[in-house]
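Modelling step: build the complete structure from the supplied sequences, incorporating the hints.
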Amino acid sequence: MPEDTLKDELARTIFGDVEPQAPPAEEAEEAAAVETPEAEAPVEEGPKDPRLKWYVIHTYSGYENKVRSNLERRMQSMRSQGGEKITQVLVPTEKEKEIKGGKRREVDRKIYPGYVLVEMVMDDDSWYVVRNTPGVTGFVGSGARPVPLEDTEVRQLLKQLRDETPKYRITFQKGSTVRITTGPFADFTGVVDEVMVEKEKVRVLVSIFGRATPVELNFGDVEKT
345 MPEDTLKDEL
355 ARTIFGDVEP
365 QAPPAEEAEE
375 AAAVETPEAE
385 APVEEGPKDP
395 RLKWYVIHTY
405 SGYENKVRSN
415 LERRMQSMRS
425 QGGEKITQVL
435 VPTEKEKEIK
445 GGKRREVDRK
455 IYPGYVLVEM
465 VMDDDSWYVV
475 RNTPGVTGFV
485 GSGARPVPLE
495 DTEVRQLLKQ
505 LRDETPKYRI
515 TFQKGSTVRI
525 TTGPFADFTG
535 VVDEVMVEKE
545 KVRVLVSIFG
555 RATPVELNFG
565 DVEKT
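Note that the working numbering gives residue 411 to position 67 of the sequence shown, counting from 1, and the numbers run on in steps of one.
Treat the hints loosely; a few may be bogus.
[Stated by the list, open to error] Computed cross-link-like contacts, SDA-like style, restricted to lysine to any residue with a CA-CA straight-line distance of at most 20 Å:
(1) 511 to 437
(2) 439 to 507
(3) 397 to 514
(4) 392 to 420
(5) 392 to 416
(6) 441 to 392
(7) 543 to 519
(8) 543 to 531
(9) 397 to 436
The set of hints was computed from the structure by calculation and includes no laboratory data.
Written out as structure tokens, the structure is:
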């Protein structure tokens, strides 16, 4: 099964059909001012309190990093008071290659916009701290008590986060018109005939001497017009 399909299946299993909510207008302006990319905290290894479980919280759209920063501050405050109920806060991201203005660059893209992962010991105190963090709209899960992720789901997520191989952001599909940016066909335009995701290649039909000729190219060699 292709990686994107696995990712979609995992998202449906964990998050269901909950859609991220847009923040109130005044809060959206504040989030835009403070929301900046941050390096993801490493997942700690070693012996842990068996009560620690991973939970998913949903946030206002665009608030993920702000929620993480706020929770990490509260986590340190709880730690200084002898508590170790919240241990890790993660915003799942992946490295992505994109072509913009003819230039290639790598960016960190949120895998699940509107969601943050929290490793915590669930009790009334820790629930209150997380639920009342600005930008948090609730825990993912049915019923009055949040449901932790299954161990298999956690393993899949953490494996996905450890994959540092950048992937191309695909902005075209079959039938899209693209411009070739490099090689002997540079500046030619053509129509996408096939997108080969696993190979990171695309087959483009280019008009040569009045005939549509298939040309196989790397994702990085074309851009959508």
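- prompt: If you draw a straight line from the CA of residue 439 to the CA of residue 507, is it 20 Å or shorter?
  reply: holds, 9 Å
Review point. Hey, residue 441 versus residue 392, does the alpha-carbon distance stay inside 20 Å?
Key: violated, 36 Å
Could you grab the alpha-carbon distance between residue 392 and residue 416 and see if it respects the 20 Å cut-off? holds, 18 Å
Sort out whether residue 436 lies within 20 Å of residue 397, counting only the CA atoms. holds, 17 Å
Under the criterion that the straight-line Cα-Cα distance not exceed 20 Å, is the pair residue 543, residue 519 satisfied? holds, 19 Å
So if I understand the rule, the pair passes when the alpha-carbon distance is 20 Å or less; does residue 511 with residue 437 pass?
holds, 12 Å
inquiry  = With the threshold set at 20 Å, check whether the alpha-carbon distance from residue 392 to residue 420 stays at or below it.
reply    = The given pair, whose Cα atoms are some 17 Å apart, holds under the 20 Å limit.
> Given the proposed pairing of residue 543 with residue 531, does the C-alpha separation stay at or below 20 Å?
Replying inline: violated, 23 Å
ask   = If you draw a straight line from the CA of residue 397 to the CA of residue 514, is it 20 Å or shorter?
value = violated, 35 Å
Consistency note: the structure conflicts with the earlier hints numbered 3, 6, 8.
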